[in-house]
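K.L.:
All chains should be built: construct the whole structure from the sequences, respecting the hints.
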Amino acid sequence: MVPVLLAAQESIPVPHGVQADSLSTGSTIVISGAQLEKYSSSDVRNILTAIAAGVEVSERFGGPGVSAMEHIGQYGAAYKTTVSVRGKSPIYMVDDIPVNIDETMLDARQIESVTIVRDPVEKALYGPSAANGIIYIKTKTGFSGKRYLRVDFEQGVNLVDKFPEYVNGADYARLNNIARAASGLEPLYTRSDIYSYERGDAYDLMYPNVDYRSMMLKKAMSYTGASVSSAGGSDHVKYYTYLGYTGEDDIFKIGPQARFDRVNINANLSVDLNEYVTARFGIITAMGLRNSPDYGYSSDYTGALGVTEFPDLLNDINTIPAISFPIYANNDEALESPWYAVSALYTSNPYANLTQNGYYKETTRKGLFNLALDVDLSPILPGLKSHTYAAFDATNVVRIGQEEDYAAYIVQKGIDEYGKDTVIPVLSGSHSVKLMSADIKLLDYFSNRYYLVQKFSFDRKWGRNSLALRADYMITKRSQKFITEHRREMNFGLGGTYAYDGKYIFQAALNEHGTYSLLKAWSFSPTVGAAWVVSKEPFMQGSKVIDFLKLRVQGGLLRYDSATSANRDIDNYHWDNSGQRFGPYSSNQWFGSAVSTSSDRVYASMLGNPNLELELRKEFTAGVDAKAFGKRLNVSANYYYSLSDGIITELQNVLPLVAGISSGSLWMNYNVTSYKGAELSVDWSDHIGKLFYRVGAWGATNLSNVIKVDEQTYADAYRSKVGYPTTAIWGLKYIGQFASDAEAAAEIQAFDDELKAGDFKYQDMNGDGMIDDSDVCVIGDTNPKLIYGLNLYLKYGNWDLTLTGTGRAFADVALTSSYFWNGWGDGNYSAYTLRHAGDPGAPRLTYYKVNNNFKTSTYWLRDGSFFKIQTLELGYDFPKVRLFVRANNLLTLSSLPDVDPEATSAGLTNYPLMKTFVGGVKLTF
Amino acid sequence: MKKNALHIILSLLVILAGTTSCLKEYLDRAPEAGLSDSDVFTKYANFKSYFYSVYNGANFTLRAHYPMWFHGNNQKLTLEALTDMCDMSRIQRSQPGKMGDGSTLIWAIGYNDESASRTAKVSYSWKIIRVCNTAIANIDRIQDATAQEKEDLLAQAYFVRAYCHFELFRLYGSLPYVDKVLGANDEWDLPRLEDVEFCKRCADDFQTAADHFKSAALMRRDPVSGSGHLAATDQDKPNGVTALAFKGRALLYAASPLSNTTNDPELWKEAAAANWEALNQALANGYILLPFANYTNNFYGTKYTDEQLWAYTTGSTTNYNNDRVQAFVGYPFSNNAFSSAQCPTQNFVDKFETKNGYPLNTEADRAAAVAAGEYNEQDPFKDRDPRFGAVVIYNQKDLRGYGAASLYVNEDGSLPTESLLRKREGSTDGVSETFYYEQKRTGNLSSKGEQNVIITDPIIRLAEVYLNYAEAVNEAYGPSGSAPGASLTAVDAVNTVRERAGMPGVLSQFTGSADAFRDRIKNERAVELCFEGYHYYCDIRRWKDAPAIGRSRLYGLRATKLSGGATSAYPTGFRYERFALPENRQIAWKNDGMYYIQFQTSDLLKMKNYTPNQTW
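Chains W and H supply the protein sequences, listed in that same order.
Numbered per our numbering, the first sequence spans residues 1 to 925.
Numbered per our numbering, the second sequence spans residues 1001 to 1616.
Careful: at least some of the hints might be erroneous.
Looking from chain H toward chain W, a few residues come up when the C-beta cut is under 8 Å (computed) [what the hints assert, rightly or not]:
#1 Val-1040
#2 Asn-1056
#3 Asn-1185
When the alpha-carbon atoms are kept at most 30 Å apart in a straight line, the in silico DSS-like pairs for lysine-lysine are as follows [unchecked claim]:
#4 W:Lys-618 <-> H:Lys-1423
#5 H:Lys-1043 <-> W:Lys-520
#6 H:Lys-1423 <-> H:Lys-1382
#7 W:Lys-520 <-> H:Lys-1606
#8 H:Lys-1606 <-> W:Lys-733
So the derived list for chain W, only partly shown, Cβ under 10 Å to chain H, looks like this [to be verified]:
#9 Ser-113
#10 Ala-604
#11 Pro-656
#12 Tyr-848
#13 Asn-851
Quick caveat, the hints were computed from the structure, so don't treat them as lab data.
Source: prediction; values computed, not measured.
Yeah, the Cβ is synthetic: ideal placement off N, Cα and C, and Gly gets one too.
P.N.:
This is the structure we're talking about:
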């Protein structure tokens, strides 16, 4: 099978049906086939990595499974993978129903095709919630013909990639001594102390040096994928069934079982009830089971609601210096239960937290059901069809488990009766033994959505004319834990395409949208497009080079609905009885006693803006598609411009006090931002003898520009965000170091009491003779000016090789995370700080933090460019059997130290990214 | 065929029409957990709770304008301490402002943070004004209130709106007068009005408030006869007399030299008439000047009195060294190292006449008093205006629990054992630099072991109305004139206030002309109204006396205990010497910007039509 990289199909799968490619005026991308199965991950978003032109897939952190809490950000959930199309986050639709992708546990092997909808006319039909674009995932279906049975199995391993490190105990003591000396303090650790720490004994009561990372974490975790699927059908009945399993280990070395397992079941059936009526039924279900230790204890279980335990663990082992305390406060083997050690400052023992705080099992159940009825109304009017679609999507997450706790002791140094140094364990109040007998429900989350579509389509051809019309009506309702209002909306869409002779194509889409969230509930989106197939003109007929050439353009007005919140348009009042007391009830009260105690009050909590309406998008796209040299060369290029006008903004900085409104209680259509960019994709396929090859490359750029924004009115123009990208990095301009203490003392500055030689000098932007926050200006941009992908496919006989890579270029990154900024007080030191301690250019290592040196500035700015080999697969096809080996995230080229350029906080605040190596077999009968 | 198509289209339309009819319903929102607009404004209880947030809001409070609340804020900043009246015993936020650093005051007075335990006068006021305007606009929607209840709410809304505007005016000068609810799409970049016009807008609102209070039969909230006198449930809310008295105050400010730049006599006449009306109504409603024996009840010891036209009582303090009395009670009394007391200067003490009415303000005045046998600089506290003893703690004053107050140094420079001037070693405890402490607001909190004292803030009291009237009449009609229809002359009004304190009438040599009498009125105001309501801070500005005062030197009066005991030269056994306070405790007038406090720049930058106050 030859992978298809560009939209070259006859018909493009789009939500609620298909669209004839020959009648398109847009740049919709479709990816289908085996190329979707080349990224081994439990997160389906990764399958688009590198292979979809202009689609930026960023993996934020590794780790098993995906959390259904991602999109609502509850319990510390963060996006594991982000996908952006033209700088914005698209919505996902699976088999015609919009879904939250983090709740939708799909296997790549279930997927027939992925369509990227991104141009105005295409988006308009689906209403304002689709204005950021749609990633439309179509699952596999049955077909008329010989049935197949397919069995897939792949087994592999995820290896921890870059994992920023912290120093060991001996180095910690050395650095701490240096820092204290620099701040004029006596060093704490003698040479012999440091020598003792160097033994690296995690159990030494006097001189502990604990390497939590190697004690608690593995460097690898397994990955398993397996599935059985079958499809086929007769002339009137088509079916498809899929049973899949995905299993991932976790990287905890100790403690309760930790892993993620998932079973996916997918079945659909299509039955022609008679000549005109086809009924289809589909069911996509999945059940995910995550087993995890419970890290950390809290009596009301809130501690057990962290989405993953890893961030907490990582925070502890990165911040607790290795010499803080030993694992146990008492090494007596006769003890029945261990006495875990803690210190007065660090009141939890990471080792005990992982092994002694209990466990949980989180079960995520997903069901997506749909029923469709297609009626051919040709007897009434030739070309008229009706499509009725109803779907229900439900997700439920239940976590049960136990929270337990352990006894913790502080190891106090003392002197024994013979005058020798000794240690005495003293019970710490921070933990005490708690055991639970039964599992407790810790979390119950639900989310569901109803979706109903009625569509009429009409296709007609006469002479050289062809006409396609469609009218769509959609209605949805979404409910979810944590939102009180069911989110409801409806859309009336009208779309039409007219083509003359296949050369001149005109397209239009109109949408009338109603939302529950605004008093101005209804909005209208008109869009138009046109295309000219130049290659069909007589003057091009003789061309030997150009096989196909199409110019296209689209434009329109769209509305955007982020569906985040309602009730910003009406005044909201709240009641409480906590009127300010007038008496000495707490430290923050006024004098006097109970004259007016708690009193009832009603206050405006939101000043409604009845004029609020959905954000307006003014969009324009233009492009060209071409095939040349016997269709061996495929080129597609696009330009786009999108203006987000009247973004619904909570005004914080614009209204003067005279308006009498608290900041943040008024929403207006205020901010304006423009986005523009271009995409180019090229690929060439040919063969040299028996070697078939295909090379492709794509590049895309997306530039944002803030036109109007809620911000303070600054006296210094350079402080305004207007005219800069939304992704600009704001900071000070580093201009060198103070050469002498005297030079530093001469500078008035706001961050510290005094500066010394070696501290950072910054540019005084406003010339007021003082460096402070008002000298902050734009110093960089995190947005890569270029994202690109490379694809190579080779086939020689039964061998084939796939190589894909992605990169970013012309991006800045500011090294401001705790990994680069640490090393004051008795806090831990990172390997980065160790490496640079004493460097002439580096910030001074001091015990008292020099705030001045740890400000976002050009000093900390680095080139954020990188290139990654995302997929390398080598396969061999026997008859009916394919064997392959594959690597994902194989190689990273970047100039960044220690951290992954794709996700600079991976391994610091959450799981590190993984390299994946997999071997597998596919059997088809 | 065509017929079929028609059928299809028709049935499609029918389906759509059917759907459309229930579209609105489908998108309708369910009632939220909060209250809707109509819940709030149609039910009296909710409406009242909503409006009363002006007193007690979630992130603002009218009390920011109550002088004592403002001074009691732990900024240890009092407005009197920005004048020559007193010195804060700890140099903190007051002193830089006093010396002309306006930036330290901007945040502390007007902007602070959004929490009702602070005093952000500017930001709170605009929010309160918005609530008032909302209440006025919606008053007719209440379904279940009596006419009287509605009138009361409406009266309070007008009153509070005017009060907020006017209180800002006293500190910041004129502003836009916001008399409607500014919507999201209204122009909020409003220009400032002329001073006189602004004060008249305030006066109009105060009059409207008074009219509505009258309709509500709430000229005062506590009927003088019958039960519940001085203990009405809403005693801390303003009433009709309050509104009239504030109208008088507003018009007095309009007529004063700082606002009345053309010296228009009509403005003085209007002020005289308004204050006469206020005085008349106050007396008609049973307000009186308390006998002098009960004078201090206006400030502490009793919740409310018949002299207070509007007051706010804190109830009894149970924690005498609480954070919030730190601007009143000095370290020696509270034993709280953060305390910073207002310590009267000698400049202020000199404003207290002798008991026979001889002024002591200038060197010449004192020489004349000495010549008349009225005054001895070495026995300076003897035979003074009785109010001196009620207001100032001075050396050897009998202080409950302490006996004679130890406000002196020994000849060798050491301090006596139980000295009220002693700091802990190496500390910055707030002890007096002037050898005086202030007692008017703190009263018996300055007694040893006394921790339960009721403190009341008299936001406006009858004595001020007499003095407001006297000042306006003196300017409009001369010392012996009176407002049309009034039975009191300017001199009569001043003497009424003095008489209560046991003072003789103003000596005749000062009542001959408006100019001569003006100085005595100013002096009388300083003495009678000191340390309450920051009258003095505002008065010296509206009279344009502040520049001269700002260029004067501040003095204390050192008392040295003589080891030889009393002699004829030192009849008290103490030597009293005037001494200039240290440079860092002096006052400065940098420029005329100091008449008003500056606005926050970030807020000003949002407006183009708004003229900022001059930078200090």
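K.L.:
Against the structure shown, which of the earlier numbered hints fail to hold, in ascending order?
P.N.:
Of the numbered hints, 4, 9, 12 and 13 do not hold.
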